[in-house]
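Participant: Listed below, chain by chain, are the residues.
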Amino acid sequence: MHSALRRRGGRLAWAAGWVLLAAVPLAFLAVFFAWPVATMVARGFTADGALDLSGFADVLARPRTWRVIGQTLGQAAVGTALAVLLGLPAAFVLYRRSFPGRGLVRALVTVPFVLPTVVVGVAFRSLLVPTGPLGFLGLDRTFPAVVAALVFFNYAVVVRTVGGVWERLDPRAEQAARALGATPWRAFRTVTLPALGPAIASAASVVFLFCATAFGVVQVLGGPRYGTIETEIWTQTTQFLDLRAASVLSVLQLAVVTVALAVSARSRRRRERALRLEEARVTARPLRLWRDGRPTGEAVPAVVTAVVVAGLLVLPLGMLLIRSLRVDGAWSLRHYELLGSTGDANTLSATVWEATGNSLRVAVDATLLAVVVGIAVALVVSRRPRAATARRAVGVLDGLFMLPLGVSAVTVGFGLLITLDRPPFDLRSSLVLIPIAQAVVAIPLVVRTVLPVLRAIDPRQREVAAVLGAGPARVLASVDLPLVLRSLGLAVGFAFAVSLGEFGATSFLARPDRPTLPVVIFRLIGRPGEDNYGMALAASVVLGALVAAVMALAERLRPPHAGEL
Amino acid sequence: MTTGRSRRRRRLTTRSTTAAAATIGVLALGACSLSGGGNGGEETTDGGSAVVRLVTHDSFAISDDVRAAFEESSGYTIELINPGDGGALVNQLILTKDSPLGDAVYGVDNTFASRAIDEGVFAEYVPSDVPASAEPYRIDGAEDLLTPVDVGDVCLNVDHAWFTERGLAEPAGFEDLLKPEYRDLTVVTNPATSSPGLAFLLATVGAFGEDGWLDYWAQLRDNGLSVVDGWEDAYYVDFSGAGGGGPRPIVLSYSSSPAFTVGDDGGSTTGALLDTCFRQVEYAGVIAGAENPEGAQALVDFLLSEDFQADLPEQMYVYPVDDAVELPAEWVEFAPLAPEPFEVAPADIAEHRDSWIEQWTDTVIG
Numbered sequence: 001m002h003s004a005l006r007r008r009g010g011r012l013a014w015a016a017g018w019v020l021l022a023a024v025p026l027a028f029l030a031v032f033f034a035w036p037v038a039t040m041v042a043r044g045f046t047a048d049g050a051l052d053l054s055g056f057a058d059v060l061a062r063p064r065t066w067r068v069i070g071q072t073l074g075q076a077a078v079g080t081a082l083a084v085l086l087g088l089p090a091a092f093v094l095y096r097r098s099f100p101g102r103g104l105v106r107a108l109v110t111v112p113f114v115l116p117t118v119v120v121g122v123a124f125r126s127l128l129v130p131t132g133p134l135g136f137l138g139l140d141r142t143f144p145a146v147v148a149a150l151v152f153f154n155y156a157v158v159v160r161t162v163g164g165v166w167e168r169l170d171p172r173a174e175q176a177a178r179a180l181g182a183t184p185w186r187a188f189r190t191v192t193l194p195a196l197g198p199a200i201a202s203a204a205s206v207v208f209l210f211c212a213t214a215f216g217v218v219q220v221l222g223g224p225r226y227g228t229i230e231t232e233i234w235t236q237t238t239q240f241l242d243l244r245a246a247s248v249l250s251v252l253q254l255a256v257v258t259v260a261l262a263v264s265a266r267s268r269r270r271r272e273r274a275l276r277l278e279e280a281r282v283t284a285r286p287l288r289l290w291r292d293g294r295p296t297g298e299a300v301p302a303v304v305t306a307v308v309v310a311g312l313l314v315l316p317l318g319m320l321l322i323r324s325l326r327v328d329g330a331w332s333l334r335h336y337e338l339l340g341s342t343g344d345a346n347t348l349s350a351t352v353w354e355a356t357g358n359s360l361r362v363a364v365d366a367t368l369l370a371v372v373v374g375i376a377v378a379l380v381v382s383r384r385p386r387a388a389t390a391r392r393a394v395g396v397l398d399g400l401f402m403l404p405l406g407v408s409a410v411t412v413g414f415g416l417l418i419t420l421d422r423p424p425f426d427l428r429s430s431l432v433l434i435p436i437a438q439a440v441v442a443i444p445l446v447v448r449t450v451l452p453v454l455r456a457i458d459p460r461q462r463e464v465a466a467v468l469g470a471g472p473a474r475v476l477a478s479v480d481l482p483l484v485l486r487s488l489g490l491a492v493g494f495a496f497a498v499s500l501g502e503f504g505a506t507s508f509l510a511r512p513d514r515p516t517l518p519v520v521i522f523r524l525i526g527r528p529g530e531d532n533y534g535m536a537l538a539a540s541v542v543l544g545a546l547v548a549a550v551m552a553l554a555e556r557l558r559p560p561h562a563g564e565l
Numbered sequence: 001m002t003t004g005r006s007r008r009r010r011r012l013t014t015r016s017t018t019a020a021a022a023t024i025g026v027l028a029l030g031a032c033s034l035s036g037g038g039n040g041g042e043e044t045t046d047g048g049s050a051v052v053r054l055v056t057h058d059s060f061a062i063s064d065d066v067r068a069a070f071e072e073s074s075g076y077t078i079e080l081i082n083p084g085d086g087g088a089l090v091n092q093l094i095l096t097k098d099s100p101l102g103d104a105v106y107g108v109d110n111t112f113a114s115r116a117i118d119e120g121v122f123a124e125y126v127p128s129d130v131p132a133s134a135e136p137y138r139i140d141g142a143e144d145l146l147t148p149v150d151v152g153d154v155c156l157n158v159d160h161a162w163f164t165e166r167g168l169a170e171p172a173g174f175e176d177l178l179k180p181e182y183r184d185l186t187v188v189t190n191p192a193t194s195s196p197g198l199a200f201l202l203a204t205v206g207a208f209g210e211d212g213w214l215d216y217w218a219q220l221r222d223n224g225l226s227v228v229d230g231w232e233d234a235y236y237v238d239f240s241g242a243g244g245g246g247p248r249p250i251v252l253s254y255s256s257s258p259a260f261t262v263g264d265d266g267g268s269t270t271g272a273l274l275d276t277c278f279r280q281v282e283y284a285g286v287i288a289g290a291e292n293p294e295g296a297q298a299l300v301d302f303l304l305s306e307d308f309q310a311d312l313p314e315q316m317y318v319y320p321v322d323d324a325v326e327l328p329a330e331w332v333e334f335a336p337l338a339p340e341p342f343e344v345a346p347a348d349i350a351e352h353r354d355s356w357i358e359q360w361t362d363t364v365i366g
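Each protein sequence line maps, in turn, to chains P and G.
First residue of the first sequence? That's 1 in full-length UniProt numbering, and the numbers climb one at a time after it.
First residue of the second sequence? That's 1 in full-length UniProt numbering, and the numbers climb one at a time after it.
Simulated from the structure, these hints should not be mistaken for laboratory data.
Glycine included, each C-beta is placed from N, C-alpha and C at the ideal position.
Check each hint, because a few of them may be wrong.
[To be verified] Okay, the calculated bits of chain G under chain P, using three or more residues with CB under 8 Å as the criterion: (1) 78-88; (2) 95-101; (3) 190-197; (4) 223-234; (5) 239-245; (6) 251-262.
All chains should be modelled from the sequences, with the hints used to inform the complete structure.
Facilitator: So this is what it looks like as structure tokens:
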């Protein structure tokens, strides 16, 4: 009886600990996300101090609203489907097989993820306009052009999230299926694919949210005829100051995002199960395209990956690089030399290198915040409590931390301005707000990177540890933590990349004295003059190179003991 | 047993508390490292209001020496706050009027000024020596709230080489753009998403009147007009004269843009069509409820000083409102202001802006 009591007491204390661990990130999210967004939306629903919901009838009666919702869903659905379809073969080739130059391709794949959308939009369109190299395709300002750009930006999310789990998957289950006579395709479909299910669903939900809230790409590549709920919110807020319409659209956006998250959580839960995860280095075999004079099963994913990387990534990125190196029709490093200046006619208040320094400093802070908060969230969300209410609470928490990806940066940015304007949170013009705003966006990525790994842990492992006498903390330290640390590199890389490339919230908050790299790029490309444009491209190349380097480094970041299990 | 139980319980709680405390600690650390990162004491200004906060748009720029001269002579340090483009600037001033973003504002233009005036975000202040050339730009009924600082013209630009190569005369004004020989040659920006786009819409309102402008746009649309959402997109992708080799030789930009396309031979490769311009006027003022109103007034005075006025063209691609100030040589040659730009009264703009944009969208975009 005594020991039963003790267990009960221990469990209570442990539960209290979990609640506390959940409380810190929740407080963070509440202050820096929920409160600003709610305040901003509430402004649109009050007129002369009274609640006024007439905006709903108004906005919902506009045919444009429905067209925009349709376009948002269409773009996001097709973009997500393509990113997953094209990303899976690449995850296999880049994480399950080894070949010379693999590290380079892995780093390259992530570059688009952080590039400023305006620059990429302009580079893409330069290819597609009637006089451009791909003008003959007739894709300028069409739905396929928008979707292609969305895939371009989000390919990395699928490749890395799925690849990260795939490379640690125990190959023996698939080998067993093969030994029993299954074709490679059948073995993949019945054994590997279900095991990857949660990671795929994780990546897909992130990509869907990124696509559904895409802004710059849609504006540039789609033109005025195409819009998303996000572009509508932006226009209504920053151009018309129609907060009523903006609030209605924000609520609609929230509804779309919540439904998407619920669907993805459901499909994830159905597929989730314990996996055997191995040390990565063991599983990668050399890529073999030919055997006995015939292409192997690996040739298909390899060719798909090569085509996507060459056509979708290298072409626009190469265009960017080449144009950054051309001055008056000749090769020149002039644009790079100018990065040490403040631009043609002093366009900038700081040199591009100074802005790079600012960006790196902010990114370190944002990454630290995002990783700490994100891991806390992932640990809490990875639990499967027995009580139904607790289980539901965990599910809700999981969804809550995804929301920052699905809510308009304009709503968040304007919300921060009107809420954090008095003590104790008088942070509006403080530089501290920038890494915080970026961390809010990076946290969901950290969670989605770490979570599939945590959830794959066989609960029996924890039970065995507990039976052997380990307390809950010890179980956590010896079972969960090593695996978390192993995916930490990827999480750090993503958080860093998000921070380096983040523009939406930063553009509202960045102070001209301390601009970040995306902010100076945006400024450079908004001015006439060959030098300004060239510098914008060169600065984008610098940003891309920086991210590739950080990603390559982050993937090597593995604590020495993380391999033991 | 009882002792054992409570000890065990306490230990666990302590451990989770430690974990939580560590989390908070790291959070605080993360937040601190930035302010520690060379942010040099700008938050430690509570010992006297020597800081004056200037809220402005994201195109604001100033030479280091001009800024230093003001800071030295006035004793104020300028802190810049730039929440976005001109529209975003005005909207944020309105949203934050109960707790102002700063002390002075610069960069509110004549397409947005009335909205902010109506919301009461400015305090009264008139600098003592406003140049005579600024008088025509004052806003009726708001003379004591906003002071004109600079002007700029939004006009169509053409690619000289494109027309020379084809032996086609460059268009002269609005009517020419409707002719069949100029079909599919023009690209402009969307007035709902870009401020030059809105200015150009207003130019057509000025040219054709409130009854005729929409019809002009319908004809323009039928003559193969292209519309994109952002200036950079129009200028660097669609325009043939910006080095990117785009398909269209007529683009919406500024009258000052040709000063930035001067080639090796000393001539500009592009030119502005001065009969298609709308004049944007940018204003400065003191923000109502400013913490440092004296500093704000000194700052507005400074914006009209010869130093700042002479700095404007090179820094922000606009013309000083004081016509006694000398312009850069390239501007004199390649970037003159339009002699007779089209005008629409700020009050008319305030009243119709949104409905004009709506009508424009329905007609041109569909």
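Participant: Hint by hint, say whether it matches the structure.
Facilitator: How the hints compare with the structure:
Counting residues of the region 78-88 of chain G whose CB falls under 8 Å from any CB of chain P gives 9; the rule of at least 3 is met. For the region 95-101 of chain G, the proposed coverage by chain P is satisfied: 4 residues have a C-beta within less than 8 Å of a C-beta in that chain, meeting the threshold of three. Closer than 8 Å: that is the beta-carbon criterion, and the region 190-197 of chain G has 3 residues meeting it against chain P, so the requirement of 3 holds. Remark: the region 223-234 of chain G is confirmed as covered by chain P, as 7 of its residues place a Cβ nearer than 8 Å to a Cβ of that chain, reaching the required three.
Closer than 8 Å: that is the beta-carbon criterion, and the region 239-245 of chain G has 5 residues meeting it against chain P, so the requirement of 3 holds. For the region 251-262 of chain G, the proposed coverage by chain P is satisfied: 6 residues have a C-beta within less than 8 Å of a C-beta in that chain, meeting the threshold of three.
Figure legend: structure checked against the earlier numbered hints; every hint is met.
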